[in-house]
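Kindly generate the complete structure, drawing on both the sequences and the hints.
Below are the chains, spelled out letter by letter.
Number of protein chains: 2
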Amino acid sequence: MEEKSQTTCEKYAADIFSIREAQVRIKSFVHRTPVLSSETLNSIAGRKLLFKCECFQKGGAFKFRGACNAIFSLDDGLAARGVVTHSSGNHAAALSLAAKLRGIPAYIVIPKNAPKCKVENVKRYGGNVIWSEANMQSREETAAKVVKETGAVLVHPYNDGRIISGQGTMALELLEQAPQIDTIIVPISGGGLISGVALAAKSINPAIRVLAAEPIGANDAAQSKTAGRIINLAETNTIADGLRAFLGDLTWPIVRDFVDDVITVDDKEIVEAMRLCYEILKVAVEPSGAIGLAAVLSDNFRRNPTWKDCSHIGIVLSGGNVDLGVLWDSFNK
Amino acid sequence: MEEKSQTTCEKYAADIFSIREAQVRIKSFVHRTPVLSSETLNSIAGRKLLFKCECFQKGGAFKFRGACNAIFSLDDGLAARGVVTHSSGNHAAALSLAAKLRGIPAYIVIPKNAPKCKVENVKRYGGNVIWSEANMQSREETAAKVVKETGAVLVHPYNDGRIISGQGTMALELLEQAPQIDTIIVPISGGGLISGVALAAKSINPAIRVLAAEPIGANDAAQSKTAGRIINLAETNTIADGLRAFLGDLTWPIVRDFVDDVITVDDKEIVEAMRLCYEILKVAVEPSGAIGLAAVLSDNFRRNPTWKDCSHIGIVLSGGNVDLGVLWDSFNK
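As they're listed, the protein sequences go chains X and G. At position 102 of the first sequence (counting the first as 1) the number is 102 in my numbering, and the numbers step up by one without a gap. All you need for my numbering is the position in the second sequence, starting with 1, plus 1000.
Just so you know, not all the hints are guaranteed correct.
To be verified - Capping the alpha-carbon separation at 30 angstroms, the derived lysine-lysine pairs in DSSO-like fashion look like this: (1) G/Lys1116 / X/Lys48; (2) G/Lys1048 / X/Lys100; (3) X/Lys48 / G/Lys1100; (4) G/Lys1011 / G/Lys1048.
Keep in mind the hints are simulated off the structure, nothing from the lab.
See the structure below:
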């Protein structure tokens, strides 16, 4: 953050202080997820890879960090009304679980095309499922209706300082566990995770490189970085169902200023990374969660001389919520 | 171990001292594997379950501990000749990898019906594959021939004090990571792992219960415990290909004296446990490796009043070497 941090700390939705506060707030609720490594994958990549396994986080994804921080930040009066969100899945499960821990209701607007296992997760954690159409307008309208009827607090999946701060705790933990890391590769969708990671990691070590991994069929972040403004896409096309969202007005400035580059990969590369996670690391990870490994192994990354010195790469694996049938089908295409 | 330990320490092939020596010897080579937990699985089991994820060990299974201890115990002259073993897979991969680390050859006798991914692991780690027929006699004869021709040291998969001591280091680690454990459930096949675990755990805490988990279709350990002598079976029938071996003369006395009970489960229970590992824990584990969870969830365990007070159960998950096709097929039977 160097020079920038001196003048601009307050203009972002989160900072190292809100992230450290979040860490204290959520510590007793979240898993300290392990960091795995594999000599086989190191050989394939030609670098040391350190896998932060957020797929083992409660709810099966890093999303629980932000959800917990948001819910336990609420004062008692607000909290009692409950929370509401629209989400493609992992945030929904996470919010349901965090709400359950606080003993308040969670209203979850889910598009009709969401993967079955994600819907089941929401139900398992006690969330109240409210269906919407499979487009963002219907999701937002349905959520607004719930807010109006119940007074529940809307907790956006990513465009929210409390969420960004919560997700950033993952980077604090990772750099405690593996301080030798010089690069972190993070899946990007709405930008909540990578915003928190970039703010946390660059505050601890300004030389650290923070790279986004994005599907070529939903490359709004790559396009936004090139254009210097938020680009929304008319449609997306990727197997990585968790990475179809677009940057928000709170995540975009952080991504713009602190994410060093966006590495795009195609679905074939994502599926191959899933397979390696499964066969070599023994970790079940969904397409969205395996994209960090896909990026490290991609030609786009390997052949870029800017990244040739990245020798110790932290890769966020998250989440783990994949229908086994989907996994199998994608391996056999 | 109490009274027994005072009179009989020297009659077993390993003890707490050889296990602690092994821990020092192999420390820089092995992964300290994480312990995972899941509230969902705790609810299903009605107990706290602590999963020791040896499927994340190098080579994909706990076997690397014993193999490392055996290989790094050899003096230089002996080591230079190499090592040989016959194995259904995970020990073979582990021995290949440990031999590679020491820079010596590993000759691996593998039965023709071994799972493909296990054979690939051996090759990946530089082992020299020598095929045998799919019966123990052919495996042993082929291995003996290699010993004669090369002078290599035979490292048995389980009936060896160095192997037992190495596997026992898993229990030392687990009880450091989760000292609240009152029960450990361990897959049993030839008995190398459970022998090391029982010796280590009961030396640290004599009140700890050590239970074996065994497929009903290969229940030689259960039969042996009942008969009071080693029982070999004419044939075995189970999906858990890593659990088809029989107790040896070095593992049997330890199993006889220190394993509190053998819980048998059927293949359907094993497959269901694999599914839960995959869907809830997000861990890829082979049938042999999931059997500990199957045992905890089985009626045989739940309805036995002897075990009703087992409240914090350590479950060894190992190994992770499963062909994805096999996994999928077994889920759809």
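How the hints compare with the structure:
no. : hint                  : verdict
1   : G/Lys1116 / X/Lys48   : holds, 28 angstroms
2   : G/Lys1048 / X/Lys100  : holds, 19 angstroms
3   : X/Lys48 / G/Lys1100   : holds, 19 angstroms
4   : G/Lys1011 / G/Lys1048 : violated, 35 angstroms
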